[in-house]
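*Asks:* Single-letter residue listing:
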Amino acid sequence: MFGLNAKDTRLLWIVIGLTMLAPFLLNPFPEGSELAQFNAGYPDLMQRFVIFGIFAIGFNILFGLTGYLSFGHAAFLGVGSYAAIWMMKLLTMNVIPAIIMSIVFAGLFSLIVGWISLRRSGIYFSILTLAFAQMSYALAYSVLTPITGGETGLQAKISDPRILDSNAGEFGRANLFGLHMNSSYELTIGRWEFTVNTGYYLAACVMLISFYMAIRIFRSPFGMMLRAIKSNQQRMNYTGLSTRPYTLAAFVISGMYAGLAGGLMVAMDTQVGPERMFWTASGEVVLMTILGGAGTLIGPVLGAGMIKYMENIISKINDSILHQWFSFLPDGLEDVIVAVVHPFIGKGWSLTLGLTFMAVVIFLPGGLVEGGQRLGRLFGRKSAESDKKTPPAE
Amino acid sequence: MDAIILQILNGLDKGSAYALIALGLTLIFGTLGVVNFAHGALFMLGAFCAVTLSRIISLSYIVLDDTKKDFLGNPTKIEVPYIYDWLGADTGAAIIDWSVPLSILFAIPVMILIGVIMERGLIKHFYKRPHADQILVTFGLAIVLQEVIKYYFGANPIPTPAPEAFSGSFDFGVLVGFDPNSIIYPYWRLVYFAFSMVLIAGVFAFLQFTTFGMVVRAGMADRETVGLLGINIDKRFTVMFGIAAAVAGLAGVMYTPINPPNYHMGMDFLVLSFVVVVVGGMGSLPGAVAAGFLLGVLESLASMGWVIDLIPGINQVIIYLVAIVILLTRPRGLLGRKGVMEE
Amino acid sequence: MSTSNFTRRGVLKSGAVAGAGLALPTIFTARSAAAFTNDPMGSSVTLGFNVPQTGAYADEGMDELRAFELAVEHLNGGGDGGMLNTFSSKALGGNGILGKEVKYVTGDTQTKSDAARAAAQSMIQKDGAVMISGGSSSGVAVAVQALCQEAGIIFMAGLTHANDTTGKDKKANGFRHFFNSYMSGAALAPILTSQYGTDRKAYHLTADYNWGYTTEQAIRESTEALGWETINTVLTPLTQTDFSSYIAPVLNSGADILVLNHYGGNMVNSLTNAVQFGLRAAEANGKKFEIVVPLYSELMARGAGKNISGILGSQNWDWKLENQLGARYSGTNAFVQSFGTKFGFPPSQAAHTCYVQTLLYADAVTRAGSFNPCAVVEALEGFEFDGLGNGPTLYRAEDHQCFKDVLVVRGKENPENEFDLVEIVEVTPVAQVTYAPDHPQFAGGNLGACNPGA
Chain Z
152 MFGLNAKDTR
162 LLWIVIGLTM
172 LAPFLLNPFP
182 EGSELAQFNA
192 GYPDLMQRFV
202 IFGIFAIGFN
212 ILFGLTGYLS
222 FGHAAFLGVG
232 SYAAIWMMKL
242 LTMNVIPAII
252 MSIVFAGLFS
262 LIVGWISLRR
272 SGIYFSILTL
282 AFAQMSYALA
292 YSVLTPITGG
302 ETGLQAKISD
312 PRILDSNAGE
322 FGRANLFGLH
332 MNSSYELTIG
342 RWEFTVNTGY
352 YLAACVMLIS
362 FYMAIRIFRS
372 PFGMMLRAIK
382 SNQQRMNYTG
392 LSTRPYTLAA
402 FVISGMYAGL
412 AGGLMVAMDT
422 QVGPERMFWT
432 ASGEVVLMTI
442 LGGAGTLIGP
452 VLGAGMIKYM
462 ENIISKINDS
472 ILHQWFSFLP
482 DGLEDVIVAV
492 VHPFIGKGWS
502 LTLGLTFMAV
512 VIFLPGGLVE
522 GGQRLGRLFG
532 RKSAESDKKT
542 PPAE
Chain V
131 MDAIILQILN
141 GLDKGSAYAL
151 IALGLTLIFG
161 TLGVVNFAHG
171 ALFMLGAFCA
181 VTLSRIISLS
191 YIVLDDTKKD
201 FLGNPTKIEV
211 PYIYDWLGAD
221 TGAAIIDWSV
231 PLSILFAIPV
241 MILIGVIMER
251 GLIKHFYKRP
261 HADQILVTFG
271 LAIVLQEVIK
281 YYFGANPIPT
291 PAPEAFSGSF
301 DFGVLVGFDP
311 NSIIYPYWRL
321 VYFAFSMVLI
331 AGVFAFLQFT
341 TFGMVVRAGM
351 ADRETVGLLG
361 INIDKRFTVM
371 FGIAAAVAGL
381 AGVMYTPINP
391 PNYHMGMDFL
401 VLSFVVVVVG
411 GMGSLPGAVA
421 AGFLLGVLES
431 LASMGWVIDL
441 IPGINQVIIY
451 LVAIVILLTR
461 PRGLLGRKGV
471 MEE
Chain G
175 MSTSNFTRRG
185 VLKSGAVAGA
195 GLALPTIFTA
205 RSAAAFTNDP
215 MGSSVTLGFN
225 VPQTGAYADE
235 GMDELRAFEL
245 AVEHLNGGGD
255 GGMLNTFSSK
265 ALGGNGILGK
275 EVKYVTGDTQ
285 TKSDAARAAA
295 QSMIQKDGAV
305 MISGGSSSGV
315 AVAVQALCQE
325 AGIIFMAGLT
335 HANDTTGKDK
345 KANGFRHFFN
355 SYMSGAALAP
365 ILTSQYGTDR
375 KAYHLTADYN
385 WGYTTEQAIR
395 ESTEALGWET
405 INTVLTPLTQ
415 TDFSSYIAPV
425 LNSGADILVL
435 NHYGGNMVNS
445 LTNAVQFGLR
455 AAEANGKKFE
465 IVVPLYSELM
475 ARGAGKNISG
485 ILGSQNWDWK
495 LENQLGARYS
505 GTNAFVQSFG
515 TKFGFPPSQA
525 AHTCYVQTLL
535 YADAVTRAGS
545 FNPCAVVEAL
555 EGFEFDGLGN
565 GPTLYRAEDH
575 QCFKDVLVVR
585 GKENPENEFD
595 LVEIVEVTPV
605 AQVTYAPDHP
615 QFAGGNLGAC
625 NPGA
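Chains as they are written, first to last, in the working numbering: chain Z, 152 to 545; chain V, 131 to 473; chain G, 175 to 628.
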């Protein structure tokens, strides 16, 4: 189906199922229970899951297939975001022009950066992309303040011209032909609450399209060519084939994915700040991809989800919540356990993140996907279900 | 003219920090082929060796002073360092004053130990793994190390002054015939520059003139052949990792009086030191040092008022701009070798 | 087309939906019965405290969190009541807010606007917070304030000093108790000229971003009005750690004053470098060379160590205020007492502003008799109060900025302990730091209408 083989079709269906049911799957704990803290099914975080998923999928097309490690992809995300917010300020709060222009501008910028950086390979390439991204960040923060808003960034304002909008002069909300991105429907089933959010479903649909296109690229002759470049570029060159156009195409495609992610971020939350382009943001997408499993289809999405989950959920657990959890224990023991757990939650969430990175890479060399595969193999014969959930993508 | 000389001096000083960090990073790249994102954290750990030692030296007991009240109306607590009791107040105060230079002695064994533990316990399992895995594991390690430091020392910078004798500055311009006040240079920065020169020379001499160094250099050039000769190169590489950690740590110790250390100073230097290493050329020790000084000087020159007026924002991007120009004109940086980290 | 959003608690109320496990998820027809976002229905109300817990300002964030914890304790009737006893408005009775127990959730801004908004979103959408407070930089404050405006909840800014927060980026749902760059300039300039003379030549080093620009402008304009000359202004990159190349040319430039428009780590490093280069000991134009840091916090003073001694700057509040300058600043001692007893050291100005903001919000809700943001805005606009440590204070209706006395402080020569690093030089009366709402430094903003959300 969809021009995919059976295995890929199954993977696509699973991803479709997971994203469409995410508001329910991510809220497994009843409202008001002790474990509700771990629920991730609120619109903002779900949107971030799929948006960073798109970012990582795009990054993986470059890194996973060609092996070129870009350390500057956040710049394309940033450029896409700025393009999108300007469309919203100048034209309309409808997200369509914003998203289109974010892809266009990120594509153009990545064409320039890629054209220069791809003259070198290996770490020299990485540093060139890093240099471009850091320059974009530094300039956006300072000299380009008239265009980028500097430190305080850009937001939609009442005074924006918005020449295509009939309600210019009022406070506008990001919308898709009148459908507001932040409108939600609440569903209460027993003690469970689920939020079905317009913006999330738009972003999720975009991610599914991106994911489908990524599968097609992975399986196409173009994808084969990219993989050949990864395994031995020299040999490719000796056969008289110029690899540059292929790598450049991959670079621009992944840059456009990043721009799309940036545009969607603005569509969901109409605001841009320059630190979106800082090198740590570029590093984050690298980590997401490796954590999930570079070169696999589903890995980067899993990695993105994992990092964003820890950043948003673990960081919100504080001591008083811990005391609530362990209140069933005798007082002395409760305090001891809280003291032991304390360094890893709240402000210590990055410690937990660092330890997770190390644990995953030490015990699961292929990233989370490898973990899934091992589980799959473990239960493979007994239950086909678990195999389905984390299928090997390659 | 004097302004340019001034900035070149500043640049050399800045460059010596870059060069020291890049030197250690290149040692690890060159010998072990590992992309070590935790190298900035080693620099930071070095700085906190100085903080730790000064805390240990000035370990105090509390005397209650009933004549004064603190803000809650309780008797004021006055801290008296134990060292005052043991060695007398004057000697004690002098030792506390000199805690940063003393930390060098403290930091060398500590940093070598940390380096060896890191290599034996973690890094050695990643020699054969892809660079991507090395990046993930060392980045994770860097986060863990800095979070541990933050847990114990807080996020705020901790003032760690130089000894009183080195705390001022002197008028370098007058010595060479310029107007007074035209070229001012702090004593401690001069110390830092001299210290880094000695350290760099020491590392080069060690590699150049000892048998151990010769084997390591041979290993850097062709690890397999050296192994075939029956030499246990792994053991030597462990030692080299320890030395690289010590170099980064000492750079950190001596840096503390220049800027008060905080837990994320390693991350601040990490990206910069990678740029320096790559501009110098992968695997080239002289390249790393040269690039460190070059970028330091250019960064200083770009911060001059008329340069910024000419090209707004140039001081923000100069390092990256130079990196791009050099990498485009010299494919392997200043002194890089072919085939190192090009895949 | 309805425009419902963020109405988790709101929808809970409407029995029609609450009972409707069977209701079809028609995405855009849900209109909630609640009048505003996150209307607290149960026996408790949730506040969101969004502070930096990682990154360079983590310690400042921890101090803010302590203050919030204390404020919640006092609101719920615990502890010694702190400033509730001195506050001029007596609406709060230690029984929560409107009889509802106050609960709170915390988040990490990482001092990045994206992360701060993500944390705030989670408080609004997941935890049902009706008010968000905290933060320690203007970029974050502006970003979160805009989010709260869109979502329809109240934002009580923490430490944010740039003019923009209540200037070009002001919002109807956002309120700032902290002072701003303009006030720093207006308060400092007269003291600077009286201490250092009127014929001084100043050299500005300015952090190259919005806060730096507004602070430099404020200090420059107010000192030039009193006779100073600005001979140079140089922008320094935010990511700079070693300021030697910017400091070194200062002494030979003909200037005799260096103004460091830097904050946080930038300021600690640039001041340390400036002292290294001997600027404190130098003479220029026949006068003693001086350094000025327009805004510094206690934590920055601690980071700079003894380099801070003798440096003039401005502050919003200091824990010694009431002891030294009398009962006009009542509330100070009450707060210091309860904070000190609980945590063992005196509070910082960041802690003070966060504590006060929480109390002001609770009081406004109580006086309005409703959590509805529009009612709260109305109660806070033009509100005059006293007894919260700053003397008589006005929350101005035009821009939601507090107007109160501003402190000019100096780094102590021989601090007795690490919490006693500054001494109060003078307090500039509020009249001197008040400006017109349409002052050019604050132009271009529009409060808009209050937004109750739903």
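One or more of the hints may lead you astray.
[Claimed, not checked] Some, not all, of what chain V presents toward chain Z, calculated at C-beta under 8 Å:
| id | residue |
| --- | --- |
| 1 | Pro-231 |
| 2 | Leu-232 |
| 3 | Leu-235 |
| 4 | Arg-259 |
| 5 | Leu-266 |
| 6 | Phe-269 |
| 7 | Tyr-281 |
| 8 | Val-356 |
| 9 | Phe-404 |
| 10 | Val-408 |
| 11 | Gln-446 |
| 12 | Ala-453 |
| 13 | Ile-456 |
No lab work stands behind these hints, which were simulated from the structure alone.
Don't be surprised by glycine CBs; every beta carbon is placed ideally from N, CA and C.
*Asks:* Now look at each hint and say whether the structure bears it out.
*Replies:* Evaluated hints:
| no. | hint | result |
| --- | --- | --- |
| 1 | Pro-231 | 33 Å, violated |
| 2 | Leu-232 | 31 Å, violated |
| 3 | Leu-235 | 31 Å, violated |
| 4 | Arg-259 | 7 Å, holds |
| 5 | Leu-266 | 5 Å, holds |
| 6 | Phe-269 | 6 Å, holds |
| 7 | Tyr-281 | 6 Å, holds |
| 8 | Val-356 | 24 Å, violated |
| 9 | Phe-404 | 7 Å, holds |
| 10 | Val-408 | 4 Å, holds |
| 11 | Gln-446 | 4 Å, holds |
| 12 | Ala-453 | 5 Å, holds |
| 13 | Ile-456 | 10 Å, violated |
Hint compliance for this structure: hints 1, 2, 3, 8, 13 are not met, and every other hint is.
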